[in-house]
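Number of protein chains: 2
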Amino acid sequence: MTYQTANISIEKSESTKINSVDFSKLDFGKVFTDHMFVCDFENGEWQEPKIMPYQAMTFEPSARVFHYGQAVFEGMKAYKDHEGKVFLFRPKQNFERINKSAERLSMPAFPENYFFEGLEELLKLDNDWIKPGLGNSLYIRPFVIATEPAISASPASMYRFMIICSPAQSYYNSPVRVLVAEHYSRSANGGVGAAKAAGNYAAQFYPTSLAQKEGFHQIIWTDADTHTYLEEAGTMNVFFRVNDTLITAPVSDRILDGITRKSIIQLAEDLGIKCDVRPVKVEEIKKAAKDGSLKEVFGAGTAAVISEISAFQHKEELFEISGAEDSYAKLFKQTLLNIQYNVSEDKHGWRRAVK
Amino acid sequence: MTYQTANISIEKSESTKINSVDFSKLDFGKVFTDHMFVCDFENGEWQEPKIMPYQAMTFEPSARVFHYGQAVFEGMKAYKDHEGKVFLFRPKQNFERINKSAERLSMPAFPENYFFEGLEELLKLDNDWIKPGLGNSLYIRPFVIATEPAISASPASMYRFMIICSPAQSYYNSPVRVLVAEHYSRSANGGVGAAKAAGNYAAQFYPTSLAQKEGFHQIIWTDADTHTYLEEAGTMNVFFRVNDTLITAPVSDRILDGITRKSIIQLAEDLGIKCDVRPVKVEEIKKAAKDGSLKEVFGAGTAAVISEISAFQHKEELFEISGAEDSYAKLFKQTLLNIQYNVSEDKHGWRRAVK
Numbered sequence: 001m002t003y004q005t006a007n008i009s010i011e012k013s014e015s016t017k018i019n020s021v022d023f024s025k026l027d028f029g030k031v032f033t034d035h036m037f038v039c040d041f042e043n044g045e046w047q048e049p050k051i052m053p054y055q056a057m058t059f060e061p062s063a064r065v066f067h068y069g070q071a072v073f074e075g076m077k078a079y080k081d082h083e084g085k086v087f088l089f090r091p092k093q094n095f096e097r098i099n100k101s102a103e104r105l106s107m108p109a110f111p112e113n114y115f116f117e118g119l120e121e122l123l124k125l126d127n128d129w130i131k132p133g134l135g136n137s138l139y140i141r142p143f144v145i146a147t148e149p150a151i152s153a154s155p156a157s158m159y160r161f162m163i164i165c166s167p168a169q170s171y172y173n174s175p176v177r178v179l180v181a182e183h184y185s186r187s188a189n190g191g192v193g194a195a196k197a198a199g200n201y202a203a204q205f206y207p208t209s210l211a212q213k214e215g216f217h218q219i220i221w222t223d224a225d226t227h228t229y230l231e232e233a234g235t236m237n238v239f240f241r242v243n244d245t246l247i248t249a250p251v252s253d254r255i256l257d258g259i260t261r262k263s264i265i266q267l268a269e270d271l272g273i274k275c276d277v278r279p280v281k282v283e284e285i286k287k288a289a290k291d292g293s294l295k296e297v298f299g300a301g302t303a304a305v306i307s308e309i310s311a312f313q314h315k316e317e318l319f320e321i322s323g324a325e326d327s328y329a330k331l332f333k334q335t336l337l338n339i340q341y342n343v344s345e346d347k348h349g350w351r352r353a354v355k
Numbered sequence: 356m357t358y359q360t361a362n363i364s365i366e367k368s369e370s371t372k373i374n375s376v377d378f379s380k381l382d383f384g385k386v387f388t389d390h391m392f393v394c395d396f397e398n399g400e401w402q403e404p405k406i407m408p409y410q411a412m413t414f415e416p417s418a419r420v421f422h423y424g425q426a427v428f429e430g431m432k433a434y435k436d437h438e439g440k441v442f443l444f445r446p447k448q449n450f451e452r453i454n455k456s457a458e459r460l461s462m463p464a465f466p467e468n469y470f471f472e473g474l475e476e477l478l479k480l481d482n483d484w485i486k487p488g489l490g491n492s493l494y495i496r497p498f499v500i501a502t503e504p505a506i507s508a509s510p511a512s513m514y515r516f517m518i519i520c521s522p523a524q525s526y527y528n529s530p531v532r533v534l535v536a537e538h539y540s541r542s543a544n545g546g547v548g549a550a551k552a553a554g555n556y557a558a559q560f561y562p563t564s565l566a567q568k569e570g571f572h573q574i575i576w577t578d579a580d581t582h583t584y585l586e587e588a589g590t591m592n593v594f595f596r597v598n599d600t601l602i603t604a605p606v607s608d609r610i611l612d613g614i615t616r617k618s619i620i621q622l623a624e625d626l627g628i629k630c631d632v633r634p635v636k637v638e639e640i641k642k643a644a645k646d647g648s649l650k651e652v653f654g655a656g657t658a659a660v661i662s663e664i665s666a667f668q669h670k671e672e673l674f675e676i677s678g679a680e681d682s683y684a685k686l687f688k689q690t691l692l693n694i695q696y697n698v699s700e701d702k703h704g705w706r707r708a709v710k
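Protein chains in written order, with our numbering: chain A, 1 to 355; chain B, 356 to 710.
In isolation and in its complexed conformation, chain A is listed as follows (with noise of 0.2 Å):
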């Protein structure tokens, strides 16, 4: 079946996935739901987007993405409260954010009307994909690639704008333990960390398979320069709690301006706790953790919701976090989850209910 909206052109799947998928085994990013968006960027403008049944598609061996890594990404969930309704959350931050990532890889922004008709529509057409129950979720994969056939290094004349749908429980269920960086680096000064930006990822693989081998689930990078202050985990952003104190690393063009970051320091401004937004150094959290003050480290970020952190090596060093028994990072993470969840007020209207 084929129709139109506003603005999009829609083929509807003549078939469903969904009764080939166990909810309860969901592996991240491994099953995707019926249908996609698809929106192409040709002779300087947007082309018609389209939804239709998710598939593989065609592309030239010199598309650009394939050799210079011209891709940008954004990472969302959709929730849905036990009566059915189906809830973004700050779903505008990611349509600017992606925006931003592609501005610094020099490609062109995506309209908002055809962002969030798009995203409303899969989101209706995919409604059975997404499962009630804290913790369930549909994750959201807007992302544009260079499409242009031509192997020139610089920037792309065609692109490719989609939104595929994986239903997913949460990404890491159980405490991780983290490596800091002391060699290997996640970005530079005036590069790209800020941006999500497809390189940085693949960039970040290698160091954090060493640490797997040591042990460790994920990387906290430090800063290129000196290896001397905290910045962010890669896919999270992260948090330290010294006493009744949080500390996270301020934004730069280093480290990216995570919503479920911003999301906290608003809640911790609400719940009356104390959030300093600072540079962090390595040596202050050692300290920290060696005197007893240290009672917290939680990664944040969509994927990750929020992970206890429960240890931490430096320099051979070990550092074991006990944990403190009224847990910011449970309280954050309840709190953000009732908010997702439509289980809460929406004090600062953070919800965005999917008609």
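Since the hints were made in silico from the structure, they are not lab data.
Any given hint could be a false lead.
[Said to hold, decoys possible] Rough simulated footprint, nothing fancy, chain A against chain B, three-plus residues with beta-carbon under 8 Å: (1) 455 to 463; (2) 467 to 475; (3) 512 to 524; (4) 682 to 690.
[Unchecked claim] Within a straight-line C-alpha distance of at most 30 Å, the following computed DSBU-like cross-link-like pairs (lysine-lysine) qualify: (5) B/Lys-380 x B/Lys-455; (6) A/Lys-30 x B/Lys-455; (7) A/Lys-30 x A/Lys-17; (8) A/Lys-100 x B/Lys-367; (9) A/Lys-315 x B/Lys-455; (10) B/Lys-455 x B/Lys-479; (11) B/Lys-568 x A/Lys-100; (12) B/Lys-455 x A/Lys-213.
Here a beta-carbon is modelled for each residue, glycine too, at the ideal position from N, C-alpha and C.
Given chain A's structure and the hints, the job is docking chain B onto it.
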């Protein structure tokens, strides 16, 4: 027609596009030859390599290369002498470097026999696309992309290695004007700058476009920490001639180990030209430009061969470089071309004849 070599299954194209190509007006990297080489990595090993007609291919929207930039490439050229013999230039260096790049991005190494057998068979099939005459060449683009259809931010388990070929003239024909980076950066200490990683290139597009608006062709990148040392130009390494001494920055984890670069260093030794490989301060080069001792600046890379740089700007200060009568750039370019096109002796064994 299909047939089989030692390791490769070959499907020959039934027709050729060559008659539709104007070889006197080639835009870099837009036209591709009749065949391509493809080899997939699955189940922990490289599968049977194939040569097939050049064509678009199907990819899942969740292929990891689209999301996390897990992709590396090489740039090589094939040259034809006036007897119709075809040569590669130090191809083993490219083979070793693509595997070094792959390692840094947690990708599997490609087997040497597949690489060279694929390359040679491809060049035999597309021999007519290699035009004789200095400056004409066949640009060869080996690349590897992560194809696994799953968007978890970790190394893929499925890859595609490909070689595509595009007839080329030299990349920069006229002298280029460059801007010295003051704010933006190409790479970090401990990052992936030394790898030919796809994401390194898209990261340069935006700052380069800003420089182009000011009338410059390229950026010479500086160290991200202090912006006081000159590093490389993104698609070229850079050499400075002060009086009769060449200076170029040492390779590092931020600077690509260029094959043209290392060939020039060797040729300088052969020709009795002093070449200092050491960190190069911006201020030192500005001072040399002011006192007249800066005779030449040039870039060196496979695509560009050697590009004379006629001017550079740093902090609003513009320096025009008049060029020397006994140009080292021209001398190295001619010496390299003579080796590449089988005109002169090849005492280092850099040429490799394609049988």
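Mind listing which of the numbered hints don't hold for this structure, in increasing order?
-> 2, 4, 5, 8
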